[in-house]
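Residue numbers for the sequence shown, in our numbering: 104 to 316.
None of these hints come from the bench; they were simulated from the model. Honestly, I wouldn't trust all of these hints.
Only pairs whose alpha carbons sit at most 20 Å apart, straight line, appear in this in silico PhoX-like list of lysine-lysine [stated by the list, open to error]:
no., residue 1, residue 2
1, 262, 314
2, 159, 139
3, 159, 177
4, 234, 177
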Amino acid sequence: MKNVRFGFLLVTLVLAGCVTGTRNIQLTPPEYSSGKSASGLIYIASIEDKRIFEQKPKNPSTPSVKGNLSSASKEKLSTLVGRQRNGWGAAMGDVALPEGQTVQEKVRELLTKGLESRGYEVINDNNAPNKITVDIEKFWAWFSPGMWVISFESDIQCKINLENASGSSVIDVTGYGINKGQVASNANWELAYKRAFTDFMKNLDIALDSKGL
Numbered sequence: 104m105k106n107v108r109f110g111f112l113l114v115t116l117v118l119a120g121c122v123t124g125t126r127n128i129q130l131t132p133p134e135y136s137s138g139k140s141a142s143g144l145i146y147i148a149s150i151e152d153k154r155i156f157e158q159k160p161k162n163p164s165t166p167s168v169k170g171n172l173s174s175a176s177k178e179k180l181s182t183l184v185g186r187q188r189n190g191w192g193a194a195m196g197d198v199a200l201p202e203g204q205t206v207q208e209k210v211r212e213l214l215t216k217g218l219e220s221r222g223y224e225v226i227n228d229n230n231a232p233n234k235i236t237v238d239i240e241k242f243w244a245w246f247s248p249g250m251w252v253i254s255f256e257s258d259i260q261c262k263i264n265l266e267n268a269s270g271s272s273v274i275d276v277t278g279y280g281i282n283k284g285q286v287a288s289n290a291n292w293e294l295a296y297k298r299a300f301t302d303f304m305k306n307l308d309i310a311l312d313s314k315g316l
């Protein structure tokens, strides 16, 4: 029993670090190769953050913000990618991208890398023969404290509308990553997202294959 109490105390102390302030993490889409040989020009017309935040959600996988949600601007919400928690699982400080970065920009980087790995050239031209618009439904990470390890999880979901000479179609692309660690460090948060990014690009390939793109 003493060992159990000591273990719980240890995890609590490890998680107690700077959980009340904002933790900034750097998210970079990993290298990826689809092995495909598509070609053509494609334009990412718009990316909208459609995530739904709640004031005090019961589930940590639901986006939330430290403080009063009603006073948080759309600009601030677009920078948030998770919430820190203490040893008992209570929500604490925000997890955010570095200053000046947004989830829209991260999704653009992710899609660009995924599309270019198939052979497409992503250009900034509304007259491109292929055009996509994107709604971000999910882009969030959370962790669940345990006795000896912490589970870091990340969930991404985008609704992508594709338009070209053949018409328009919608694909729903998801990505999930999990990482188990003992310290609530930036590296552990980032690894969960890295795995979700890789899963997202793999699922993007599958979805584009289904549309013959």
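Taking the hints in turn, this is what the structure says about them:
no. : hint         : verdict
1   : 262 with 314 : holds, 14 Å
2   : 159 with 139 : violated, 44 Å
3   : 159 with 177 : holds, 18 Å
4   : 234 with 177 : violated, 26 Å
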